Amino acid sequence: MATEAEAAASVVGKSVMVVGIDDSEHSFYALQWTLLHFFSPAAGSSSPFKLVVVSAKPTPTSVIGLAGPGAADVLPFVESDLRKISLRVIEKAKEICTSHSVADVEFEVVEGDARNVLCEAVEKHHAEILVVGSHGYGAIKRTVLGSVSDYCAHHAHCTVMIVKKPKPKH
Amino acid sequence: MEETNEPVATEGREKMTVLVAVDESEGSLYALSWALDNLFAAAAVGGAPNKPQPLGRLVLVHAQQPLQQFIMHPIGPAVYATSSVIDSVKKAQEQNSRDVIERAKGICRRRLQVEAEAVVVIGDPKETICQAAEQMQTDLLVVGSRGLSKIRRAILGSVSDYCAHHANCPVLIVKPPKTSH
Chain A
44 MATEAEAAAS VVGKSVMVVG IDDSEHSFYA LQWTLLHFFS PAAGSSSPFK LVVVSAKPTP
104 TSVIGLAGPG AADVLPFVES DLRKISLRVI EKAKEICTSH SVADVEFEVV EGDARNVLCE
164 AVEKHHAEIL VVGSHGYGAI KRTVLGSVSD YCAHHAHCTV MIVKKPKPKH
Chain B
642 MEETNEPVAT EGREKMTVLV AVDESEGSLY ALSWALDNLF AAAAVGGAPN KPQPLGRLVL
702 VHAQQPLQQF IMHPIGPAVY ATSSVIDSVK KAQEQNSRDV IERAKGICRR RLQVEAEAVV
762 VIGDPKETIC QAAEQMQTDL LVVGSRGLSK IRRAILGSVS DYCAHHANCP VLIVKPPKTS
822 H
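In order, the protein sequence lines correspond to chains A and B.
Per our numbering, the first sequence starts with residue 44, numbered consecutively.
Per our numbering, the second sequence starts with residue 642, numbered consecutively.
These are calculated hints, taken from the structure and not from any lab test.
These numbers were taken from a predicted model, which means no experiment stands behind them.
Mixed in with the good hints there might be a few duds.
Under the rule of at most 30 Å between Cα atoms (straight-line distance), these lysine-lysine pairs were calculated in the DSBU-like manner [what the hints assert, rightly or not]:
no.: 1; chain 1: A; residue 1: 100; chain 2: A; residue 2: 127
no.: 2; chain 1: B; residue 1: 767; chain 2: B; residue 2: 732
no.: 3; chain 1: A; residue 1: 137; chain 2: A; residue 2: 57
no.: 4; chain 1: B; residue 1: 656; chain 2: A; residue 2: 57
no.: 5; chain 1: A; residue 1: 167; chain 2: A; residue 2: 127
no.: 6; chain 1: B; residue 1: 731; chain 2: B; residue 2: 767
no.: 7; chain 1: A; residue 1: 100; chain 2: A; residue 2: 208
no.: 8; chain 1: A; residue 1: 100; chain 2: A; residue 2: 135
no.: 9; chain 1: B; residue 1: 656; chain 2: A; residue 2: 135
no.: 10; chain 1: B; residue 1: 767; chain 2: A; residue 2: 208
no.: 11; chain 1: A; residue 1: 100; chain 2: A; residue 2: 167
no.: 12; chain 1: A; residue 1: 137; chain 2: A; residue 2: 100
no.: 13; chain 1: A; residue 1: 208; chain 2: A; residue 2: 93
no.: 14; chain 1: B; residue 1: 732; chain 2: A; residue 2: 93
no.: 15; chain 1: A; residue 1: 57; chain 2: B; residue 2: 746
no.: 16; chain 1: B; residue 1: 732; chain 2: B; residue 2: 746
no.: 17; chain 1: A; residue 1: 208; chain 2: A; residue 2: 127
no.: 18; chain 1: A; residue 1: 127; chain 2: A; residue 2: 137
no.: 19; chain 1: A; residue 1: 137; chain 2: B; residue 2: 656
no.: 20; chain 1: A; residue 1: 137; chain 2: A; residue 2: 93
no.: 21; chain 1: B; residue 1: 656; chain 2: A; residue 2: 208
With the sequences and hints as input, model every part of the structure.
Laid out in structure tokens, this is it:
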């Protein structure tokens, strides 16, 4: 049962680190940065963190928006497209982990809005820390598009680490 | 699209420069303890038993509010502080900063025998912390969070929010521990 797994994890003494990824370069950079700084290949498997990589798959209906005429026809295509994208995202994440010689990783794909998915994953795994990338949107874009990293920083119940790609100097 | 600096796996963990923002609040000291436990203890455990690998530099930064030369009331005469008042307030502020830094350093020493560097910056906390992070080329900025609600955050202002948006480096926001009901 889930509680046994948690008990086992706590016996080993590893805290859980959840990394949220999506189809963007920023989130893969965040994953790489995390692996580089927290999971040293030389130290073997003695990292204090257990890594859980979570990818949120948006529901097809949220992508299509208001149901208009013909939405029902488009639905299966959107659904398979989203599935392909999320599989590709997980494949790439797996590659990144193996290239950093990190083997003890769990991968999850959860359907739903990224914000809720990540916060729920934190609850489910009793994570110590949640890592997200950041698109680096300005204030206006952030209000209009919504920011997952913002939401998580305020609503997740654990420490949140926001990894940004370094801005190129002008 | 060009791949911007692919991180290369070097032997051993990359040395990190970690900047921790401290002030008088319990939240920031909790953030410091959290950072020490999770970031630096890692190195002590992971490395060979004889030679613990330091994870890198730990720098404590404390932002001191700039001294206002005079206090303007919206209605009424402006009150100008005399130089002696300014001096004593300045001294009090410096003493306060020193106490905060000492307390933070004490925590570092007790937890892990880590000698932390300390920097006191004068100015608006939000901007000066981000500037300090940039100047010192930090790899990770650690800030506490008061756990304010959205409206309060908008009115009171949130340093962690500002840092999360404006710092050039990764930001770690440590929340206060959930009080068990």
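Hint check:
1. Between residue 100 of chain A and residue 127 of chain A the alpha-carbon distance is near 10 Å, which keeps this suggested pair within the 30 Å criterion.
2. Between residue 767 of chain B and residue 732 of chain B the alpha-carbon distance is near 23 Å, which keeps this suggested pair within the 30 Å criterion.
3. Distance check on the hinted pair: residue 137 of chain A and residue 57 of chain A sit about 21 Å apart at the alpha-carbon level, within 30 Å; holds.
4. Between residue 656 of chain B and residue 57 of chain A, the direct Cα distance comes to roughly 22 Å. Compliance with the 30 Å bound is thereby established for this hinted pair.
5. Of the pairs offered as hints, the one joining residue 167 of chain A and residue 127 of chain A holds, with about 25 Å between alpha carbons and a cut-off of 30 Å not exceeded.
6. About 20 Å separates the Cα atoms of residue 731 of chain B and residue 767 of chain B, which keeps this hinted pair within 30 Å; it holds.
7. For the hint linking residue 100 of chain A to residue 208 of chain A, the alpha-carbon distance of about 23 Å falls within 30 Å, and the restraint holds.
8. Taken as a hint, the residue 100 of chain A and residue 135 of chain A pair is honoured in the structure, with Cα atoms around 15 Å apart against an allowance of 30 Å.
9. Proximity of residue 656 of chain B to residue 135 of chain A is assessed by CA-CA distance (about 26 Å); at most 30 Å being required, the pair is judged to hold.
10. Our distance criterion of 30 Å between C-alpha atoms is met by residue 767 of chain B and residue 208 of chain A, whose separation comes to about 20 Å.
11. The hinted pair formed by residue 100 of chain A and residue 167 of chain A meets the criterion: a straight-line CA distance of about 17 Å does not exceed 30 Å.
12. A hinted pair counts as satisfied when its Cα atoms are at most 30 Å apart, and residue 137 of chain A with residue 100 of chain A qualifies at roughly 17 Å.
13. Restraint check: the Cα-Cα separation between residue 208 of chain A and residue 93 of chain A comes to about 24 Å, which is no more than 30 Å; the hinted pair holds.
14. A threshold of 30 Å between alpha carbons decides the hint, and for residue 732 of chain B with residue 93 of chain A the separation of about 47 Å lies outside it, so the pair is violated.
15. A C-alpha spacing of about 27 Å is found between residue 57 of chain A and residue 746 of chain B, which places the hinted pair at or below 30 Å, so the restraint holds.
16. For the hint pairing residue 732 of chain B with residue 746 of chain B, the CA-to-CA distance comes to about 21 Å; that is within 30 Å, so the pair holds.
17. For a cut-off of 30 Å, the pair hint linking residue 208 of chain A to residue 127 of chain A stands: about 26 Å separates their Cα positions.
18. Distance hint between residue 127 of chain A and residue 137 of chain A is fulfilled; the C-alpha atoms sit about 15 Å from each other, no more than 30 Å.
19. Taking the CA atoms of residue 137 of chain A and residue 656 of chain B, the gap is about 25 Å. The hint holds against a cut of 30 Å.
20. Simply put, residue 137 of chain A and residue 93 of chain A have alpha-carbon atoms about 15 Å apart, close enough for the 30 Å limit, and the pair holds.
21. The hinted pair formed by residue 656 of chain B and residue 208 of chain A meets the criterion: a straight-line CA distance of about 18 Å does not exceed 30 Å.
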